[in-house]
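Asker: Same order as they appear, the protein sequences are chains A and B. The first sequence begins at 1 in the working numbering and counts up by one. The second sequence begins at 228 in the working numbering and counts up by one.
FYI, nobody ran anything at the bench for these hints, they're computed from the structure. Warning: the hint list may mix true and false statements.
Claimed, not checked - Listed below are the simulated DSSO-like cross-link pairs for lysine-lysine, each with C-alpha atoms no more than 30 Å apart in a straight line:
| # | chain 1 | residue 1 | chain 2 | residue 2 |
| --- | --- | --- | --- | --- |
| 1 | A | K73 | B | K431 |
| 2 | B | K360 | B | K339 |
| 3 | B | K433 | A | K73 |
| 4 | A | K73 | B | K339 |
| 5 | A | K73 | B | K397 |
What the hints assert, rightly or not - Residues of chain A clear of chain B, computed beta-carbon distances all greater than 12 Å:
| # | residue |
| --- | --- |
| 6 | R44 |
| 7 | A48 |
| 8 | P54 |
| 9 | L70 |
| 10 | G171 |
| 11 | L213 |
Every residue, glycine too, gets a C-beta built ideally from N, C-alpha and C.
Each chain, written out:
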Amino acid sequence: MNQLSDAWPAIALTLQLASLSSALLLVIATPIAWWLSQTSSAWRKPIAALITLPLVLPPTVLGFYILIVLGPKGWIGQLTQSLGLGVLSFSFTGLLIGSLIFSLPFAVQPIQYAFEAIGKRPLEAAATLRAGPLDAFFSVALPLAKPGLLTATVLSFAHTVGEFGVVLMIGGNIPGQTRVVSTQIYGYVESMAYEEAHLLSAGMLVFSFLVLLALGQLKTRRDKVLT
Amino acid sequence: MSWLILRLGFMSRKLRIIWLGLLSLASLTLHAAPLQVAVASNFMGPMNAVASVFERDTGHKLQLSFGATGQFYAQIRNGAPFAILLAADKETPLKLAREGLAVEATAFTYAKGRLVLWSKRANFVDNDGAFLKSESFTRLAIANPKLAPYGAAALETLTKLGLRDRIAPKIVEAANIAQSFQFVASENATLGFVAMSQVYERGKLKEGSAWLVPTSFHSPINQDAILLNPGKDQPAALALLNFLKTDKAKTMIRSFGYDL
Numbered sequence: 001m002n003q004l005s006d007a008w009p010a011i012a013l014t015l016q017l018a019s020l021s022s023a024l025l026l027v028i029a030t031p032i033a034w035w036l037s038q039t040s041s042a043w044r045k046p047i048a049a050l051i052t053l054p055l056v057l058p059p060t061v062l063g064f065y066i067l068i069v070l071g072p073k074g075w076i077g078q079l080t081q082s083l084g085l086g087v088l089s090f091s092f093t094g095l096l097i098g099s100l101i102f103s104l105p106f107a108v109q110p111i112q113y114a115f116e117a118i119g120k121r122p123l124e125a126a127a128t129l130r131a132g133p134l135d136a137f138f139s140v141a142l143p144l145a146k147p148g149l150l151t152a153t154v155l156s157f158a159h160t161v162g163e164f165g166v167v168l169m170i171g172g173n174i175p176g177q178t179r180v181v182s183t184q185i186y187g188y189v190e191s192m193a194y195e196e197a198h199l200l201s202a203g204m205l206v207f208s209f210l211v212l213l214a215l216g217q218l219k220t221r222r223d224k225v226l227t
Numbered sequence: 228m229s230w231l232i233l234r235l236g237f238m239s240r241k242l243r244i245i246w247l248g249l250l251s252l253a254s255l256t257l258h259a260a261p262l263q264v265a266v267a268s269n270f271m272g273p274m275n276a277v278a279s280v281f282e283r284d285t286g287h288k289l290q291l292s293f294g295a296t297g298q299f300y301a302q303i304r305n306g307a308p309f310a311i312l313l314a315a316d317k318e319t320p321l322k323l324a325r326e327g328l329a330v331e332a333t334a335f336t337y338a339k340g341r342l343v344l345w346s347k348r349a350n351f352v353d354n355d356g357a358f359l360k361s362e363s364f365t366r367l368a369i370a371n372p373k374l375a376p377y378g379a380a381a382l383e384t385l386t387k388l389g390l391r392d393r394i395a396p397k398i399v400e401a402a403n404i405a406q407s408f409q410f411v412a413s414e415n416a417t418l419g420f421v422a423m424s425q426v427y428e429r430g431k432l433k434e435g436s437a438w439l440v441p442t443s444f445h446s447p448i449n450q451d452a453i454l455l456n457p458g459k460d461q462p463a464a465l466a467l468l469n470f471l472k473t474d475k476a477k478t479m480i481r482s483f484g485y486d487l
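So that you can see chain B by itself, here it is in the shape it has in the complex (with noise of 0.2 Å):
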């Protein structure tokens, strides 16, 4: 680049507009710009699975962000460009619809989460959630439940167990489930409730003791995706979209410890 800099120099300010604008539009019709999309953090390990594959699959690049549902509400907005929302609940996606942001028939649940309550020692959770009761530990790390569903569905498990107002003051809050898992992973918090995607891997713990809350302990996890304004007139949203409800995608989410 540094010869074009150099050239640069030479030129008269009108030519030197003209020749970057030239330059731009040759690099936008040589390579189609990627497709941008924003994914529940949650998500990133089997996101980048499945991205790899579209990529091979289809020729389409993505370019994928990781970061808060709540977080891309309001970038989105105020104007982010990105063309897919992988949210990381059903509510958002729906009210990004309703405020003429988003598609709404494009809305689809593309995983379901699994809470877990895992501890990094061995033999410390036990299998049916009534190690709970025992009350010996110090701290319970869960995620943010007014901002994160799997915060949300740990409290309901609590409440559902009759242990929410007695483990309250064991409480600690994390922004979101990958910081509730931190926690834990640090020992900070003896245990928390945390995704089995952070936990499992090809449907087995890596480490420490943990229990898979049954589903019917919360109300569904649901993750849902939809189709952005600016993504309206890019082939390659759509063919998102489609790749993730296709079996290939579904097995990969699911290795990855999420329900489908």
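Isolated chain A, as found in the complex (with noise of 0.2 Å):
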């Protein structure tokens, strides 16, 4: 049990990524589920592929190209060199960028469904009492749209604490900067110091139950309001 002290930091990392990470992505991923349910664009179709490629990519994938974007030849890397913040692997902001990336599609997906799901009426009878579509957007859209803004973060909170090819691959494993639970896991697993993987591997089942729960709560919800 003596290697235990080093889960607590790591639960606190992980925690701390993933609220951020789904804050973060609700913003980013809201304009675009708004514009992907709306456009007619010749662009939607690829656009909406390209923002699921996450889903389907090996996390080894995702990893090994962020890592080479980021790092000092990337254009990510150039970027934040030239702007005098150096490289951004190995660090917690290389992370974050990480998982923004890797989660995007849990949390663009819901929020479009729901945008989609709302139809042209309530637009629509917006506009007629003259509503701008700004108004619109914040005053009809968005609030009926909530059920699935909820999905969206509780999934890619939940995702982003279950990641771990992408952290193996551009995190570096530095306490209290990069190295996360499925990481310590990893370690604990590798290092066979099985009774601390097992205690916090189990954890972490109890946790993605329990999000998964919650989750399944809010659709009984949604369809209750829809019905």
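With the hints as a guide, bring both chains together as one complex.
Answerer: This is the structure we're talking about:
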């Protein structure tokens, strides 16, 4: 049990990373989801596919490319260096960028579906009441899409907590900066500290179960509202 | 195979089972099942070379799985069917033997790793390690010292140079030696400790600049092999262990940057 003290900083860091990235994703994903739900542009399908990519790509592929892009020769790396931020790989910010990319589809899709489910009529009604497009978005579309926004937040939070491959690739296992729960479990398993691994894994299992349960609860509530 | 599937459709269930059983029996006797060998991933290059010569010379077939020694340990404890383990350390084979999962008397050192401080930039790392003291770098990659013998050796080297505490904030840990190489190769880390086998080819540095760390700076990186229980009655298993001890195999292993 002597190694279990390593677990707390990892848990704290994981929660920090997950809450920051789900909050940021809500801001990033909502306009993207809105655009995807309203547009009839030819770009709609390619962009939707691009955003869905992290869902199907192995995390090692993502992590490998993020590592290269963030590195001193990559375009983000060159940008951050010229801004005086240095190279972001092996830092919390780097991890956050990775999480945002990794969890983007988990945030965009529920919000997009929620917007699409509203249909045209409430917005047309708002327009006849002389609401501007921005006003209609904030006072009609956004409140109606609330269940979608909630689902997106919960899913991206949970997905960031469970993220492993990307962190392993771009993290560097620095305590308090990039060592999260999943990489800590990996470390325990690899160093044959099975008891610690069990404890932390069981915690993760219970947490994930509770998240999915909460998500199911949200869904039934939404279904009741709609019918 | 499609005619087979078509025909199976017409058979009764009982007949089908018998037919499939006969088929699998036939395939067993026609080709002996390949020997399943678990190999530490740092040894992938030399093992592929050794395996092809071994297969050609003996007619035995090998099925190589590359991975982390710790993972193999967990898998073997849980019934993985490997006949032989070529570990990245000395401890894991012994541990398996003590747990009754391997044959202790068969353990031997098949390769000794050499540690190299490497940077992708030319003329960056000097050849005596004094460069480390200059601290004119931001990130130093090492393999996780708790998991990888190369990582532990890197930490010992830093301690020996009296730099461990000063350099600690610059260290980034890779999950294994392959990832340490990747961090440096992608230049996310300016320099890092890697395995000689990763950056040398036929005794020459492939690119960048490097310091070949003297073996006196750290405890030896012994990689041991051991016969696992599922391999006990497979002649191919003993043949492979013996083959690894021949001069022919040793020359090949050395040419990949290992000592012996």
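Asker: Compare the structure with each hint and give your call.
Answerer: Hints and how they fare:
| no. | hint | in the structure |
| --- | --- | --- |
| 1 | A:K73 <-> B:K431 | holds (26 Å) |
| 2 | B:K360 <-> B:K339 | holds (27 Å) |
| 3 | B:K433 <-> A:K73 | holds (20 Å) |
| 4 | A:K73 <-> B:K339 | violated (34 Å) |
| 5 | A:K73 <-> B:K397 | holds (20 Å) |
| 6 | R44 | holds (34 Å) |
| 7 | A48 | holds (30 Å) |
| 8 | P54 | holds (20 Å) |
| 9 | L70 | violated (7 Å) |
| 10 | G171 | violated (8 Å) |
| 11 | L213 | holds (30 Å) |
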